[in-house]
Amino acid sequence: MSQETVAQILRDYIYKSLMEKKRPDGREFFEYRKIRIEPGIVEVAEGSARVHLGNTDVLAGIKMSIGEPFPDTPDVGVLTTNAELIPMASPYFEAGPPDANSIELSRVVDRGLREGEVVDLAKLCIEPGEKVWIMFLDLHILDYDGNLFDAAALASVAALASTKVPAAQYELGDDFRLPIKNWPVMTTFAKIKDVILLDPTLDEEKVADARLSVYTDQNGHVRAMQKGLSGGFAYEEVKDIVKMA
Amino acid sequence: MSQETVAQILRDYIYKSLMEKKRPDGREFFEYRKIRIEPGIVEVAEGSARVHLGNTDVLAGIKMSIGEPFPDTPDVGVLTTNAELIPMASPYFEAGPPDANSIELSRVVDRGLREGEVVDLAKLCIEPGEKVWIMFLDLHILDYDGNLFDAAALASVAALASTKVPAAQYELGDDFRLPIKNWPVMTTFAKIKDVILLDPTLDEEKVADARLSVYTDQNGHVRAMQKGLSGGFAYEEVKDIVKMA
Amino acid sequence: MSQETVAQILRDYIYKSLMEKKRPDGREFFEYRKIRIEPGIVEVAEGSARVHLGNTDVLAGIKMSIGEPFPDTPDVGVLTTNAELIPMASPYFEAGPPDANSIELSRVVDRGLREGEVVDLAKLCIEPGEKVWIMFLDLHILDYDGNLFDAAALASVAALASTKVPAAQYELGDDFRLPIKNWPVMTTFAKIKDVILLDPTLDEEKVADARLSVYTDQNGHVRAMQKGLSGGFAYEEVKDIVKMA
Amino acid sequence: MGMKTDIKLIDEKGMRIDGRRPDQLRPIKIEAGVLKRADGSAYLEWGKNKVLAAVYGPREAHPRHLQDSAKAIVQCRYNMAPFSVSDRKRPGPDRRSVEISKIISEALESVILTELFPRSSIDVFIEVLQANAGTRCAGLTAASVALADAGIPMKDLVVGCAAGKIGDKVVLDLGKEEDNFGQADVPLAIIPRTGEIVLLQMDGDMTQEELFKAIEMAKEASLRIYELQKEALRRRYAIVAEEEKEEIASMEEIKEEEE
Amino acid sequence: MGMKTDIKLIDEKGMRIDGRRPDQLRPIKIEAGVLKRADGSAYLEWGKNKVLAAVYGPREAHPRHLQDSAKAIVQCRYNMAPFSVSDRKRPGPDRRSVEISKIISEALESVILTELFPRSSIDVFIEVLQANAGTRCAGLTAASVALADAGIPMKDLVVGCAAGKIGDKVVLDLGKEEDNFGQADVPLAIIPRTGEIVLLQMDGDMTQEELFKAIEMAKEASLRIYELQKEALRRRYAIVAEEEKEEIASMEEIKEEEE
Amino acid sequence: MGMKTDIKLIDEKGMRIDGRRPDQLRPIKIEAGVLKRADGSAYLEWGKNKVLAAVYGPREAHPRHLQDSAKAIVQCRYNMAPFSVSDRKRPGPDRRSVEISKIISEALESVILTELFPRSSIDVFIEVLQANAGTRCAGLTAASVALADAGIPMKDLVVGCAAGKIGDKVVLDLGKEEDNFGQADVPLAIIPRTGEIVLLQMDGDMTQEELFKAIEMAKEASLRIYELQKEALRRRYAIVAEEEKEEIASMEEIKEEEE
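Protein chains in written order, with our numbering: chain A, 3 to 247; chain B, 3 to 247; chain C, 3 to 247; chain D, 678 to 936; chain E, 678 to 936; chain F, 678 to 936.
In isolation and in its complexed conformation, chain A is listed as follows (with noise of 0.2 Å):
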């Protein structure tokens, strides 16, 4: 069979599922997928948490060191996001330097948490100008079934929480807990046809039209919003999902 005709035949089954007002999962349209954190796997790391939504596992990592602040911002610390989309979690995903899907995931991630201010940065300056501490969050993806930057954007925030700063490695005084000012959270929704589906399964995903993520937090503000695929939304679909999030 051509990959096309694959394409159709999964495209036809899930619209009969969506149809019929059942996911091919047997999930609601707005029900998220189990959830599984595992904090503080990689004990080498400073920070670490791996998070199953469903079948997708992405292992996030934080490792700190010291170094100089950026010139514009001289007295806060420093948060550097990577992706990889190993080929490990996906026949699709191929091995070398980030592509713009990996790209893009982290970017969003990123935007996600420095606008929503996950990290009190100001708490990490050492010396205004001079020093402050380093964080470079990378996110592994082992397993990949749909909504990457929920999962991803989770295991971030998970992994910051569970960070301790090496402050006495470093003869700064004694190690402490990154502080963590704000814990919002992606909410990923997929359009197929006219359906708004929250959570997309990989095959979801390959049949949707449109995708909105929206990143919210605590007092209900939006802080970051991306929307992806080569379908769009009515203005109207994307007040219903914000107001969702």
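In case anyone wonders, no lab produced these hints; they're calculated from the structure. Errors might be hidden in some of the hints.
What the hints assert, rightly or not - Once the Cα atoms are required to be at most 20 Å apart in a straight line, the calculated EDC-like pairs of lysine to aspartate or glutamate come out as: (1) E/Lys832 - C/Asp211; (2) E/Lys713 - A/Asp205; (3) E/Lys725 - E/Asp700; (4) E/Lys853 - C/Asp74; (5) B/Lys208 - F/Glu792; (6) D/Lys832 - A/Asp211; (7) D/Lys713 - B/Glu40; (8) E/Lys685 - C/Asp74; (9) F/Lys896 - B/Glu239; (10) C/Lys133 - C/Glu173; (11) C/Lys18 - C/Glu33; (12) E/Lys846 - E/Glu893; (13) F/Lys779 - B/Glu207; (14) F/Lys725 - F/Glu708; (15) D/Lys713 - B/Asp205; (16) D/Lys706 - D/Asp695; (17) F/Lys832 - B/Asp211; (18) C/Lys208 - C/Asp196; (19) A/Lys245 - D/Glu886; (20) E/Lys779 - A/Glu96; (21) A/Lys195 - D/Glu792; (22) D/Lys832 - A/Asp196; (23) B/Lys241 - F/Glu897; (24) E/Lys766 - A/Glu45; (25) D/Lys748 - A/Glu207; (26) F/Lys713 - C/Glu96; (27) C/Lys208 - E/Asp745.
Given the structure of chain A, go ahead and fit chains B, C, D, E and F onto it with the hints provided.
Below, chains B, C, D, E and F without anything else, positioned relative to chain A:
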């Protein structure tokens, strides 16, 4: 039609035209296309110029900063030239790191500016061995209809001539015009069979056997030359070209 | 003829030859090819040696400069090894960044030099933690007829032995010979079916099942080993090889 | 978003630092058909932004494994010239431009009738010659005109426009200082005929109501930009028609000569 | 090997700094079938090492010029996660991981019946999530379980294990400090059924007798690890059988519904 | 060109710092057929320059999109060994070597009968083992001998040679100090039989008359170098003929054995 057939038709058409002492666009053999120079069109750059040579369209931009001189020339400024044959300009240009054509272009222009002593680099020293003005000349090819060398050389000199050194921004006194010493000219000829043409178009370049670019200063001295393509020139032809340049 | 057919013919030819206790080039099973060493042939380099091992031809060059030591070894010099399988040497080598074969070669040679303590690195410290001598060993493979490991290891040691440290140039006293501590030897064996051969040619390597390189010092101690190819050795075979090496 | 500053982005009269009203766009100028080699092109100035867009295709997609046997692929390359920003940008794609190229490709694909050109590629090149906040919307707006100039069949044009929040007010089309020191930015793109939103990003801090107001403001403004796009294409068609008339005339001359 | 230190790696009683006897392995835990997308997978903990292995294939080898018309190619990619070591490792392959990928590929190829799958590729991905000396042996041991989980036909499993020399003693399975400050390390891999050595490296300083003793020690230990591999696969098959039973049951449900 | 210096490049008697007359070449030594694996090769010493050239082909051009259905493509790769210069050069092509590779490829293509080998590639590899001014001319001269050694059909050999201007005098074949501190350098290559100039570059400052004199000087000298090329090939053919005789003899031995 195969690419080879198209090439053959183009060749026949141009040969026939040249035999009748006519160029496809109606020019004389030693006639330049219309030149239009727009200096200063990128205000955010320290200098810039767009040059239209017929339908060839080149934008040169100059960015200036302060840095260290080269160890073997501690008391002069630094000029770095880079050319990008961006895929906007031609179906034959591809995105990616500079290929042999763009490297040759930037190196030939760079040699011309350097050997032609266009900028008085000695006046760009701030502290010998420590701090000098660094110029980045970036050539952006927007539309490609042949003879990039002349268009790029012209755009480069025009951009340099339009450049204001941003001294005030670094608290080094008032801004001042980049000191221009010479304004030499690159002149490129193509050889098609036994005909020599000035300022070849893309179609003419495609069927040309050889190409010769000569960079001369206001005193008629030759400052740089570059022969291209896989054909050769008789010595007498080289002499004629140099005398005309 | 397809590549596979050619390979099969080669295989049959060599097997048949070995069954008759003959190698295709007439050597005994444990006989080395003729070795010719030309030290010092690149005068501009601080050290160099060209080694002809039969038709395998390797040029090693040493360049020296002054730099910082590694933080964990502040009082010893630094040796960096790089190998280039340049396309000149074989139709199977391609231009481009080092591939797995050249990386393995340089790492095995590097381990051998390091573990075999060929250079007395402690004598290359200028100022502990600040300044040490840095050696760049570059292996240039010019002609490839098998057993690069032994040829490259030999060329490396010979090049190091020919090296003059350019101390005068940095006003650090007189130039002096690089202090050589040990002169260990790499010996490579190939296994073809159940026959073990010393110093395989390219044709022999092509049909070999497994390869074993042993690096031994003047006391008969083993300093490094590397097994290659997808076949295996019985433990007794390994023992025999190590004893012979 | 959100660098701290003492700059007052909105004054007592509700006017912005460049003198605009909250719902006022910067001046926009569009010209179609500005390059000869490309199949379609457009030049756009939007405030101090200067952007060129060129289209090649439909042409054979290569490398071949990119081909889709059911439709054309749309490949946009958004690029900033090294001299387009204050500090020289190193040539070649950075992570930001890779992301922008991706979302612009997706937005353009939403209107192109890709199913008409299986195995093909429609290549869109956006060159930012001078950047001053809002280049992705400017580039997308220009690209859509370039696609029309290239004669690529489309359901409609796409229009890009941003709104945002500065000094606690929702405003249209952030300028550079507003982008640097404001509270939120919402770049979006719509298909004017259907109102569909085909590009939508946001970063900053907004209540839901503020966000909805920003989207409405940008949606409304994009209808005004749509008129500028269509006007540019009308001017372009007029010129092309003129040129074609001349070309036919000169071809007739040639014919006469040949006869 | 061979950084100088005052650390005493072997105490008076002949015990090692982590309390092990000379011929004692660190604790090893293997689980097969831990990933859904891959055709086969395994998770392995070996002391503080944490390693995942996944297998895809046999699938079409690409790019095509890699294809071998006589057999499958085995391509292993050994990779360390950036956070798996003390100082963050830059993502992407470094020279060390390229070499390790090569020798692991060769070792795995020695047991896979590659001639059954001409023109194919069998792709093995090893991700080191936490590294603590001995990751190449851990990765190879996990990869071999993942291959079996993927149902790739093999002559036998491959087992990786290292021995070495510390404080002038030959010991099994060096830990991190032993690796840093010891005198020699001999990573090897064997095919337990035949005793063939399919991976063998060594660096340091050993007499021939010490080397032979190290090889024998590692060979013997690998038989113990072999049992853990087989046990992990048995547990995996039991679960799969269970799941299949459930699946058949649920398919029967579906059938009933459909009827 | 043109670093300032107090070095007097020409003395009162008109002699150069290495003792040469203005129109004198550095010593040149050429040997053909020095490598076994390549289809053709040559080693050349030119003053202190040491250069190897190897030729492979005609062979299938790959990747395929490079193929020309009308003729062979000529691909030269000029490369400097890291240890060939005073300060170690990082391996791999830099911008200078990319440009030189291009112009040497074009110069060689001018003599090769490429139309005899459609879809093929003729690959020329030049390795500079020691550099001392004039490596592009040395490399091209060696490459042309290697092509002949490989039996590639050519109209003629190509000869590279430079002239230049130092101390206000036009001289032949600049040495390293002359190149660093001189006033102009004119590398060129000619086809001796026709006198055609197939490589020509210049940088510095010269009047037209000086330039013409330099070209004439280099043209004249290239005829002398041409003789050295031909002599090297004659020696090579003599050896090959000898080897073939031996080979035929030994093949006859084998035949006898087999019978």
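Going through the hints against the structure:
1. E/Lys832 - C/Asp211: The given pair, whose Cα atoms are some 16 Å apart, holds under the 20 Å limit.
2. E/Lys713 - A/Asp205: 14 Å, holds
3. E/Lys725 - E/Asp700: Judged against 20 Å, a Cα distance of about 18 Å means the pair holds.
4. E/Lys853 - C/Asp74: 16 Å, holds
5. B/Lys208 - F/Glu792: Given that 20 Å is the threshold and the Cα spacing comes to 18 Å, the pair holds.
6. D/Lys832 - A/Asp211: Holds: lysine 832 of chain D and aspartate 211 of chain A sit about 16 Å apart, inside 20 Å.
7. D/Lys713 - B/Glu40: OK: lysine 713 of chain D and glutamate 40 of chain B at ~18 Å, within 20 Å.
8. E/Lys685 - C/Asp74: 19 Å, holds
9. F/Lys896 - B/Glu239: Since the Cα atoms of lysine 896 of chain F and glutamate 239 of chain B sit roughly 14 Å apart, the hinted pair holds (cutoff 20 Å).
10. C/Lys133 - C/Glu173: Holds: lysine 133 of chain C and glutamate 173 of chain C sit about 14 Å apart, inside 20 Å.
11. C/Lys18 - C/Glu33: 19 Å, holds
12. E/Lys846 - E/Glu893: 14 Å, holds
13. F/Lys779 - B/Glu207: Measuring from Cα to Cα gives roughly 17 Å; hence the hint holds.
14. F/Lys725 - F/Glu708: 16 Å, holds
15. D/Lys713 - B/Asp205: Measuring from Cα to Cα gives roughly 14 Å; hence the hint holds.
16. D/Lys706 - D/Asp695: 18 Å, holds
17. F/Lys832 - B/Asp211: Given that 20 Å is the threshold and the Cα spacing comes to 16 Å, the pair holds.
18. C/Lys208 - C/Asp196: 15 Å, holds
19. A/Lys245 - D/Glu886: 10 Å, holds
20. E/Lys779 - A/Glu96: The given pair, whose Cα atoms are some 18 Å apart, holds under the 20 Å limit.
21. A/Lys195 - D/Glu792: Given that 20 Å is the threshold and the Cα spacing comes to 17 Å, the pair holds.
22. D/Lys832 - A/Asp196: 19 Å, holds
23. B/Lys241 - F/Glu897: 16 Å, holds
24. E/Lys766 - A/Glu45: Answer holds: lysine 766 of chain E to glutamate 45 of chain A is near 16 Å, not above 20 Å.
25. D/Lys748 - A/Glu207: 19 Å, holds
26. F/Lys713 - C/Glu96: Distance ~18 Å between lysine 713 of chain F and glutamate 96 of chain C Cα, so the pair holds.
27. C/Lys208 - E/Asp745: 15 Å, holds
Hint check: no violations occur; every hint is consistent with the structure.
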